Amino acid sequence: MMRKTLTSVFRKAWDCKILQTRHSALFVSGAKATENYVYITPHIDFPEKTHQKDAFVKVLQRRKADIDLVKMENLWKIYQDLNTKKADYIKKKDEISRQLGKLIKKEPDSEETKKLKMQSDFIKENIKKLKGHLWSAEEAAIVEFLKMPNYLHSRTPDENNKVIYTHLSKPQNCKHHLEVGKELNMIDFKKNENYYLLGSGAVFELGAKFYFSKILKDSNFVQFSNPDFVKSLVIEGCGKDHTNPDLSFILHHNEDTKVNVDSRLHLTGGGSLASFLAYHAKNVMYAKVFPLRYFTMGRQYVPATSNEDSLFNVSQSSVVEIFGATKTEQDQDNFFDELIDILKLAYSKLGYHFRLSLVSADKLAMWESLRVSIEMYSTSLKDYVEVGNVSLSGDFISKRLMFMYKENNENKFPCLISGTVLNVPKLLACALEQDASFNVPNFVKIERYFRTEE
Amino acid sequence: MIFYPLFRHLTTLKSKFIRLSSTAFVPDIDTNYYCNTENAMEIGNNIKLRKGVGDIKLVMEMYKVLKTTPITDASYETVRDKLYKELSCLPNKTHPSVLKNLEPNVVREINQKRDFQEHTPLEFSEITRRLNLVRTDKLGNTCGHKSYYFLGELAELEEALIKYTVNKLLQENFKLVSVPDILPSHVLKSCGMTVNNDRTQIYSLDPVHHGPDLYLSGTAEMSLAGLLMNTKHSEKDLPMKLAAVSRCFRAETSNVIEERGIYRVHQFTKVEMFAVTTPSQSESMLEYLRTIQEELFSPLGFSMKVLDMPPHELGAPAYRKYDIEAWMPGRKNYGEISSCSNCTDYQARRLHIKFIHNGVDDYAHTLNGTACAVPRMLIALLETHQDPKGKIYIPEVLQPYMNGRKYIVKNNSVPELKLMKIKR
Numbered sequence: 001m002m003r004k005t006l007t008s009v010f011r012k013a014w015d016c017k018i019l020q021t022r023h024s025a026l027f028v029s030g031a032k033a034t035e036n037y038v039y040i041t042p043h044i045d046f047p048e049k050t051h052q053k054d055a056f057v058k059v060l061q062r063r064k065a066d067i068d069l070v071k072m073e074n075l076w077k078i079y080q081d082l083n084t085k086k087a088d089y090i091k092k093k094d095e096i097s098r099q100l101g102k103l104i105k106k107e108p109d110s111e112e113t114k115k116l117k118m119q120s121d122f123i124k125e126n127i128k129k130l131k132g133h134l135w136s137a138e139e140a141a142i143v144e145f146l147k148m149p150n151y152l153h154s155r156t157p158d159e160n161n162k163v164i165y166t167h168l169s170k171p172q173n174c175k176h177h178l179e180v181g182k183e184l185n186m187i188d189f190k191k192n193e194n195y196y197l198l199g200s201g202a203v204f205e206l207g208a209k210f211y212f213s214k215i216l217k218d219s220n221f222v223q224f225s226n227p228d229f230v231k232s233l234v235i236e237g238c239g240k241d242h243t244n245p246d247l248s249f250i251l252h253h254n255e256d257t258k259v260n261v262d263s264r265l266h267l268t269g270g271g272s273l274a275s276f277l278a279y280h281a282k283n284v285m286y287a288k289v290f291p292l293r294y295f296t297m298g299r300q301y302v303p304a305t306s307n308e309d310s311l312f313n314v315s316q317s318s319v320v321e322i323f324g325a326t327k328t329e330q331d332q333d334n335f336f337d338e339l340i341d342i343l344k345l346a347y348s349k350l351g352y353h354f355r356l357s358l359v360s361a362d363k364l365a366m367w368e369s370l371r372v373s374i375e376m377y378s379t380s381l382k383d384y385v386e387v388g389n390v391s392l393s394g395d396f397i398s399k400r401l402m403f404m405y406k407e408n409n410e411n412k413f414p415c416l417i418s419g420t421v422l423n424v425p426k427l428l429a430c431a432l433e434q435d436a437s438f439n440v441p442n443f444v445k446i447e448r449y450f451r452t453e454e
Numbered sequence: 001m002i003f004y005p006l007f008r009h010l011t012t013l014k015s016k017f018i019r020l021s022s023t024a025f026v027p028d029i030d031t032n033y034y035c036n037t038e039n040a041m042e043i044g045n046n047i048k049l050r051k052g053v054g055d056i057k058l059v060m061e062m063y064k065v066l067k068t069t070p071i072t073d074a075s076y077e078t079v080r081d082k083l084y085k086e087l088s089c090l091p092n093k094t095h096p097s098v099l100k101n102l103e104p105n106v107v108r109e110i111n112q113k114r115d116f117q118e119h120t121p122l123e124f125s126e127i128t129r130r131l132n133l134v135r136t137d138k139l140g141n142t143c144g145h146k147s148y149y150f151l152g153e154l155a156e157l158e159e160a161l162i163k164y165t166v167n168k169l170l171q172e173n174f175k176l177v178s179v180p181d182i183l184p185s186h187v188l189k190s191c192g193m194t195v196n197n198d199r200t201q202i203y204s205l206d207p208v209h210h211g212p213d214l215y216l217s218g219t220a221e222m223s224l225a226g227l228l229m230n231t232k233h234s235e236k237d238l239p240m241k242l243a244a245v246s247r248c249f250r251a252e253t254s255n256v257i258e259e260r261g262i263y264r265v266h267q268f269t270k271v272e273m274f275a276v277t278t279p280s281q282s283e284s285m286l287e288y289l290r291t292i293q294e295e296l297f298s299p300l301g302f303s304m305k306v307l308d309m310p311p312h313e314l315g316a317p318a319y320r321k322y323d324i325e326a327w328m329p330g331r332k333n334y335g336e337i338s339s340c341s342n343c344t345d346y347q348a349r350r351l352h353i354k355f356i357h358n359g360v361d362d363y364a365h366t367l368n369g370t371a372c373a374v375p376r377m378l379i380a381l382l383e384t385h386q387d388p389k390g391k392i393y394i395p396e397v398l399q400p401y402m403n404g405r406k407y408i409v410k411n412n413s414v415p416e417l418k419l420m421k422i423k424r
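Sequences listed follow chains G and W, in order. UniProt numbering puts the first residue of the first sequence at 1, with every later residue one more than the last. UniProt numbering puts the first residue of the second sequence at 1, with every later residue one more than the last.
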């Protein structure tokens, strides 16, 4: 009987292509644990999701996500069945051991003792056999689970972005920033992967970063200076496919060790969400330290997605990146509103037209639950361009990367708020395409470097 | 067959074109000097004094072979390429006034070593641990070996140093440039870096995923050289002074005890100076760059010595090099915080940077120097200005960039972390 149910479980597993190889840097199955060092085991909350299945199906629809929930459920069921099976075996084994313990002293050579011994050996053998299958079922289920997107915030709109704030009106001309930049000898653009900002172009880059740095410090944000590399597990933890070279730069492996696709170094730049999570992954904090309010000025490296020469498509950007963490969703929402106010004021002072939009569900990354996009108008593209953003992700990433806090002797996952509040090349491009001819704006001037000055 | 020679000529032209476009760069090395047997002795001695890289005998022999090979011969290009490969390894000439030096010559000493009296000054790592200003531990699994985060006021001090340095350089009429950190290999090679894929000083992007030829810049000098490659300047525009703030990536590791902590790291921010001059200007430009460094560092209060480096300490492109070493009282050692080099026409010939002199093209001279390499600057600053009561004095010149504050104190705004134990 036991054997029969086992084979039926395996058949199901086969049907779900459980055996096909899949990669995860975050989750390392027991079978591979001997060759790969297991740094993190992500927290998996699939059962919670299935409790509100209808709501989750709706989320998938609104996101237009290509996720097969039925397949996921099947994989999960197989994994659970095997788990139950294992638990049953263990229970039975313990039961027999207990009986055997009593019997072995009284009648060590009786038939009954021999029988129990045989049964015990048989069950141990079964548990051993089960282990491999359990591991692959677990891996298949969890790898699939890690592709599931985050839930959506109640403020996230459907279909179209929702403009929540507009400052001034859009420029009317038809300039291209690369032409203007070349004319003014501010940009030497070789290609999207290789460009130089010259003279006032470079002064603009530094000054714009310093301007935002001052505003954030004045708003009680703590400055960080981050490293530029992260390991694959952090990339996957932040909701990106770490094996996809279009999403992050992968460094050449120049060690003598074997190349492992799940343990590479990625060049993200210090001005990235990944860099802040490399700091927090697998760490526990006390509840009283929240909220965290951090920012950094640094580089952000993202492979260029388009071949068209433009500062909008470059693979290296100077950015100002923020990172926050709160205990509750309520705190997270309040923090979000506070940040919107800070950014409204900061961008208004620049004197350019911009607007703030809430991004629609289908355009969000899988880890985001809500994003506000700071948009400026490009007259060359005849469209709005995102020069900055702030995203909420709830406890989605903290669960994947085991970033926790302790409250009432219980480990909990904080809500994360993050964003590139300034992308310099994009801001510069839009500034060059304004109606008025370009002059080095006051907010980037050296006199502003002194923090005491207003 | 009257067309035959013409045909032959065309094929050589064609193959030459392919060669030029594939390797992209043929360094224009001064063969009149390097391949003249009369100079063999001088060049040979120079190689011996420097790092011993390069084989002048081999160069002379190859040059002889090349001279006797007809230009139309099939082997001509192979011979020529081999010769240029050998020529490229040869170091620059050495400034006559340091030729005989075996040790660095101390040009001057600036600022007294601070007297800590009965206190033993702490090391950077210990100071920052006590004040919660840096995290370096347990990062190997999430961001790689030797990573570090500056926290709170230390990150602000980094920003202050950059502002202070850039402010000074802009006042000195340097032109600020923002540079790419990912560069193609020929730019690196032209700067005198050896590039191969494994075990090098240079990081590269995965060749399968991102193309075979992309490297992470080790210094803005490389990126600026890439900007100036194949440029011609009018004499009146020289000297040209450039400055760049960039991230620098260095793959080399070190297990030397002197280089512990953040002394030698894989990534850091640096402000770099770069100059293009006429040959007659380069010597005074080197003195000028050194003066700028002295003027930048002196007000920061740490003790330092300016060194005129001996031949064996010069990198292949340098003709003369000054290093500044700061006294790091916690480590009880001097540490190099900057260097500046005159590369004369060594890089210019490889990068084809020229200027027009009386209507004739000539190679320019290039120079480079560190204006602020953040990690070591922070070591010197914190170790010098530590207070036994556990705070750090901010030098007066940096205070305006730190909102007028005089001291860095314990950072309580970034909570300490506790690494979770894994359960399986």
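Worth flagging that the hints you see were computed from the coordinates, not collected in a lab. Being a predicted model, the structure only gives us computed values, none of them experimental. Some clues are possibly wrong.
Stated by the list, open to error - Short, incomplete list of chain W residues facing chain G, as computed with Cβ under 8 Å: (1) Pro96; (2) Gly144; (3) Phe150; (4) Glu156; (5) Glu252; (6) Thr253; (7) Pro395; (8) Lys418.
C-beta atoms are modelled at their ideal positions from N, C-alpha and C, and glycine is treated no differently.
Checked hints:
With a cut of 8 Å, the hint placing Pro96/W at the interface with chain G is violated, because the nearest CB-to-CB distance is about 36 Å. Checking Gly144/W against chain G: minimum C-beta separation of about 5 Å stays under 8 Å; hint holds. Restraint check, Phe150/W versus chain G: the minimum CB separation of about 4 Å is within 8 Å; hint holds. Look at Glu156/W: its Cβ gets to within about 5 Å of chain G, closer than 8 Å, so that hint holds up.
Proximity of Glu252/W to chain G is violated relative to the hint, the smallest CB-CB distance being about 11 Å (cut-off 8 Å). Checking Thr253/W against chain G: minimum C-beta separation of about 10 Å lies over 8 Å; hint violated. Because the beta carbon of Pro395/W sits about 15 Å from the nearest beta carbon in chain G, more than 8 Å, this interface hint is broken. Below 8 Å, beta-carbon pairs count as interface contacts, and Lys418/W has one with chain G at about 5 Å; its hint therefore holds.
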